[in-house]
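Whole structure, please, built from the sequences with the hints as guidance.
Chains as they are written, first to last, in the working numbering: chain A, 1 to 303; chain B, 1 to 331; chain C, 1 to 325.
No lab work stands behind these hints, which were simulated from the structure alone. C-beta atoms are modelled at their ideal positions from N, C-alpha and C, and glycine is treated no differently. Treat the hints with care, since some could be wrong.
Label-pair distances were calculated between CB atoms; the ranges are [to be verified]: (1) C:Ile78 - A:Ile132: 55 to 65 Å; (2) B:Val321 - C:Thr72: 56 to 66 Å; (3) A:Phe24 - B:Asp278: 53 to 63 Å; (4) A:Arg18 - C:Ser184: 30 to 40 Å; (5) A:Arg204 - B:Pro300: 48 to 58 Å; (6) A:Arg204 - C:Thr72: 22 to 32 Å.
Quick partial rundown of chain C residues pointing at chain B, CB under 8 Å, derived from the structure [stated by the list, open to error]: (7) Ala83; (8) Thr87; (9) Leu91; (10) Gly159; (11) Ser184; (12) Gln193; (13) Asn196; (14) Val199; (15) Arg253; (16) Ala254; (17) Pro264; (18) Phe265; (19) Val272; (20) Leu273.
The lines below spell out each chain.
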Amino acid sequence: MTEIALQEVVDNRPTGFRAVLAEFWSYFSENRGAVAGLVFFVGVILVAVFADFIAPHGPNHQYRDALLQPPFWQDGGSIKFPLGTDAIGRDMLSRLIHGAQYSLFIGCIVVSISLVAGIIFGLLAGFFRGRIDTFIMRIMDIVLAFPSLLLALVLVAILGPSLINAMIAIAIVQQPHYVRLTRAAVMTEMTKDYVTAARVIGIRSLRLMFVTILPNCMAPLIVQAALSFSSAILDAAALGFLGMGAQPPTPEWGTMLAEAREFILRAWWVVTFPGVAILTTVLAINMMGDGLRDALDPKLKRS
Amino acid sequence: MPLLEIDNLSVTFQTAGGLFTAVDRISLHIEPSEIVSIVGESGSGKSVAVLALMGLLPWTATVTADVLRFDGQDLTTITKPELRKIIGCQMAMIFQEPMTSLNPCFTVGFQLTETLKIHLGMNRAEQKRRAIELLELVGIPEPEKRLSAFPHQLSGGMNQRVMIAIAISCNPRLLIADEPTTALDVTIQAQILDLLLKLQKEKGMSLVLITHDMGVVAETAERVFVQYAGQQVEQQPVKGLFARPHHPYTQALLNSLPERSNSRILPSIAGIVPGQFDKPQGCLFSPRCHYATDLCREKPPTAGPVEFGNALCHYPLADGVPTNYPQEVRA
Amino acid sequence: MKGDVVLTAKDLTRHYHVDRGTFRKPAVLKALDGATFTLAKGRTLAVVGESGCGKSTLARLVTMIEKPTSGTLNIGGIDITSADKGTLMGLHKTVQIVFQDPYGSLNPRQKIGHALEEPLLVNTTMGKKERRDAALKIINLVGLRPEHYDRYPHMFSGGQRQRIAVARALMLNPNIVVLDEPVSALDVSIQAQILNLIVSLQEQFDLAYLFISHDLSVVKHIADEVMVMYLGKPVESASRDTLFTKPHHPYTRALLSATPVADPFRVKERIVLHGELPSPIAPPSGCTFHPRCPSMTDICKEKAPETREIDGCRVACYHPKIYSS
Chain A
1 MTEIALQEVV
11 DNRPTGFRAV
21 LAEFWSYFSE
31 NRGAVAGLVF
41 FVGVILVAVF
51 ADFIAPHGPN
61 HQYRDALLQP
71 PFWQDGGSIK
81 FPLGTDAIGR
91 DMLSRLIHGA
101 QYSLFIGCIV
111 VSISLVAGII
121 FGLLAGFFRG
131 RIDTFIMRIM
141 DIVLAFPSLL
151 LALVLVAILG
161 PSLINAMIAI
171 AIVQQPHYVR
181 LTRAAVMTEM
191 TKDYVTAARV
201 IGIRSLRLMF
211 VTILPNCMAP
221 LIVQAALSFS
231 SAILDAAALG
241 FLGMGAQPPT
251 PEWGTMLAEA
261 REFILRAWWV
271 VTFPGVAILT
281 TVLAINMMGD
291 GLRDALDPKL
301 KRS
Chain B
1 MPLLEIDNLS
11 VTFQTAGGLF
21 TAVDRISLHI
31 EPSEIVSIVG
41 ESGSGKSVAV
51 LALMGLLPWT
61 ATVTADVLRF
71 DGQDLTTITK
81 PELRKIIGCQ
91 MAMIFQEPMT
101 SLNPCFTVGF
111 QLTETLKIHL
121 GMNRAEQKRR
131 AIELLELVGI
141 PEPEKRLSAF
151 PHQLSGGMNQ
161 RVMIAIAISC
171 NPRLLIADEP
181 TTALDVTIQA
191 QILDLLLKLQ
201 KEKGMSLVLI
211 THDMGVVAET
221 AERVFVQYAG
231 QQVEQQPVKG
241 LFARPHHPYT
251 QALLNSLPER
261 SNSRILPSIA
271 GIVPGQFDKP
281 QGCLFSPRCH
291 YATDLCREKP
301 PTAGPVEFGN
311 ALCHYPLADG
321 VPTNYPQEVR
331 A
Chain C
1 MKGDVVLTAK
11 DLTRHYHVDR
21 GTFRKPAVLK
31 ALDGATFTLA
41 KGRTLAVVGE
51 SGCGKSTLAR
61 LVTMIEKPTS
71 GTLNIGGIDI
81 TSADKGTLMG
91 LHKTVQIVFQ
101 DPYGSLNPRQ
111 KIGHALEEPL
121 LVNTTMGKKE
131 RRDAALKIIN
141 LVGLRPEHYD
151 RYPHMFSGGQ
161 RQRIAVARAL
171 MLNPNIVVLD
181 EPVSALDVSI
191 QAQILNLIVS
201 LQEQFDLAYL
211 FISHDLSVVK
221 HIADEVMVMY
231 LGKPVESASR
241 DTLFTKPHHP
251 YTRALLSATP
261 VADPFRVKER
271 IVLHGELPSP
281 IAPPSGCTFH
291 PRCPSMTDIC
301 KEKAPETREI
311 DGCRVACYHP
321 KIYSS
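See below:
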């Protein structure tokens, strides 16, 4: 019989990071809401980064002659303060713009702390199982058993009210979700043959955990990170509103709401605009998170 | 009159990368009380074809056929309630994974009597009597006890027997078995195959056995359809197929079986089955065929005459040698 | 040299404790119960059996992922049950494994080139360039092309992935390769390609194979020696020719008769085994095969048979079929 040369079908699809990114984008862009969310979120980031250049006034500059001035389209409003001023004459727009900085800062820090801690604990629990697993998971169960805002409140009460402490408290409250997700993902990956193959090759535990297994668990974690980014902003706003987060005169959106509480009936703009800012940002991030899940979750991935 | 007539059945799927033809103009004629096997590798469209027949494909699939007739009734024009009476009742199906084709939330007895209730309208006492009878028929010991068992309490072989019991509960005229033994151990596989053959004989059903295992084909089927990349490449009675395959793919496939080879190195088929994006222009097997000529690479072949097993080939094999083969290539 | 013994296993046993709830004592699962065999250079020992027979446990013990509960396992002159950690890490190089499922055995986030170089990275002091050269050399050897070096596993077909898995197993120049059902997830036409690859690599590198399979036709093609297992116990071991022409144990004979053969003209004697495979947690008394055995007598229920030698066959049965010479 004649021997035929191996005519494997050549796959010419591009490789490397760009290809991965292109594939990701093709899935992500199918979800229009997600793209809209992304655009808005990028807008918020830009506003936060260039706050000092965009904002017409300083966030804490008080215009004594323009107390509780309404937005420009209402009677008595002026283009000088497009969204009006608050009770002590600070420009609402400028405060909101600077508030975006705080919100993003809170989101980033909280997510980083809880993600890193969650991954480490989750990896340990899922990888070693046994006593370590039981110990870690029971602690997480206890944390989860408290209503999250209440626990955050208690922690802030112990640590003292400040933005940093609020962020730490929120991170602690959120971190069990990451632990559970990581542990579940690690446990599924552990049963796969490639992990056994890596062991047979002689790869030690630490490398196995972080180099072999972890990258395969990242997809659900990224989605969770995006979604908890928004809940971190929300929780921080809630703590701020209760006076346990950022302290006045910080232009944090939740704190702004708290300060404006007494003017709800007289000056709608002082409460509405910070509220709308929180709402739209959180909504945008959530929609973006949905798109991320569609693009990263292999269970939903169509071939 | 054939029990089942299918002419030029095609199934296309809408995918992210465009249309994908999973089944390309296949024809099946199945006589009453006949055992037919559809054999092919993964991606040959053998399961998709029968799923299309049963109406079990997702909405992304488009099914077209010139003729689709069961027992003289045209399935393409028939009303939905009538179709439902045929499918699941006169035409039943069992699947590869016995552990997942039964609902884990309900007992075996419930799932069995449910079919009886829906299709035959029996009352409770009749249902139970019939259920026990069916379980006995498929060789399940202590059927009364098993009625209240959940699928996870039974082994894979037992679950497959339950699936068979559900499938034959309305005395179907046609039973389609999609890889019924692939997930089972060898000794259990033998039991299930024996059971299927016994039931086929007793009930006079037609049996369509979809498989990739040439051994199972050789031991059970009477007539065999060979599929490759969505096309039907050959059909023959089983003995003829194994002795004198007419299509080069069948020949190469049989040669690559370890049990039919005496040499240390098997005569394997190079390359892989073409996928959605790399379908060759001419004959789909031409990139892997060692008889392929320029004609094969350029022009898709048409089905040959019956004496050549309708082989989809420009040069169908007679006694292992291609016919009408151009002289200069052979040299 | 070909035929040199590289691995000796004696009475290899592995038990697991299975939790049965808070209030009951954990059950003992005898996944592997007294396997004795040797592997030699350039030769293939096939282990055959159905699910729950201990094939995969055997693979885990031989590749040193798990330690045996009792018995000895001697690899290249070192007894691994008493060896210290450092020696064991060194031994990892000599035994490698290829898995059944080509989709699960490669890390989806790792490029092929990197997957192949990783064994060298963690076990040797080779430089980047040397590792790359070694990987490219082996890619060529298993019938892939250099441009595959930068691809991810999902871009390959099942057969190609299995080639990659074989390549990875060979990176450390092992003496022993455990092949855990390497072709049973593949299509027939691809199966032949991979079997050919495995055979030619064995000849090239004088590898000792432990070939685990449930498919007797593949085993008949590739094995030199065959060991048939049932519920964790080897019931019969013999050379390939002896086992396929003169099977002694009733289980072996039933297994052979139950395996479908692609030959419609063959008139076959069918020994149908009744009943299911028993659960390994509560195996039957005496000879574990007795509830399904056609030649069972009273003694089979009481006492497990010793392994004895008949016509070059090691059989554990009271009533083996005797062939007159």
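(message) Less than 8 Å between beta-carbons is the criterion; does C:Pro264 satisfy it with respect to chain B?
(response) With Cβ-Cβ at 4 Å, under 8 Å, it holds.
(message) Min Cβ distance, C:Leu91 to chain B: is it shorter than 8 Å?
(response) 30 Å, violated
(request) Return the status of the interface hint for C:Val199: holds when the least beta-carbon distance to chain B is below 8 Å, violated otherwise. (result) 6 Å, holds
(request) For the range 22 to 32 Å, tell me whether the beta carbons of A:Arg204 and C:Thr72 fit it or not. (result) Once the Cβ atoms are compared, 26 Å apart, the range 22 to 32 Å for C:Thr72 and A:Arg204 holds.
(request) Return holds or violated for the Cβ distance of C:Ile78 and A:Ile132 against the range 55 to 65 Å. (result) At roughly 32 Å between Cβ atoms, A:Ile132 and C:Ile78 fall outside 55 to 65 Å, so the hint is violated.
(request) Identify whether the interface hint at C:Ala254 stands, where standing means a beta carbon of chain B within less than 8 Å of its own. (result) C:Ala254 check passes; min Cβ-Cβ to chain B is 6 Å, inside 8 Å.
(message) Using the nearest Cβ pair, does C:Gln193 come within less than 8 Å of chain B?
(response) Given a least distance of 4 Å, the restraint on C:Gln193 holds.
(message) Holds or violated: the hint that C:Gly159 contacts chain B, with Cβ atoms closer than 8 Å.
(response) With Cβ-Cβ at 6 Å, under 8 Å, it holds.
(message) Given a hint of 53 to 63 Å, does the C-beta separation of A:Phe24 and B:Asp278 actually sit inside it?
(response) The hint (53 to 63 Å, Cβ to Cβ) is violated, given that A:Phe24 and B:Asp278 are roughly 24 Å apart.
(request) Hint says 56 to 66 Å; check whether the CB-CB distance for B:Val321 and C:Thr72 agrees. (result) With Cβ atoms ~58 Å apart, the hint holds.
(message) Hint C:Phe265 vs chain B: min CB-CB distance below 8 Å?
(response) 7 Å, holds
(request) Using Cβ atoms only, decide whether C:Leu273 comes closer than 8 Å to chain B, and label the hint accordingly. (result) Constraint on C:Leu273 satisfied, holds at 5 Å.
In this structure, the hints that do not hold are numbers 1, 3, 7, 8, 9, 11, 15, in rising order.
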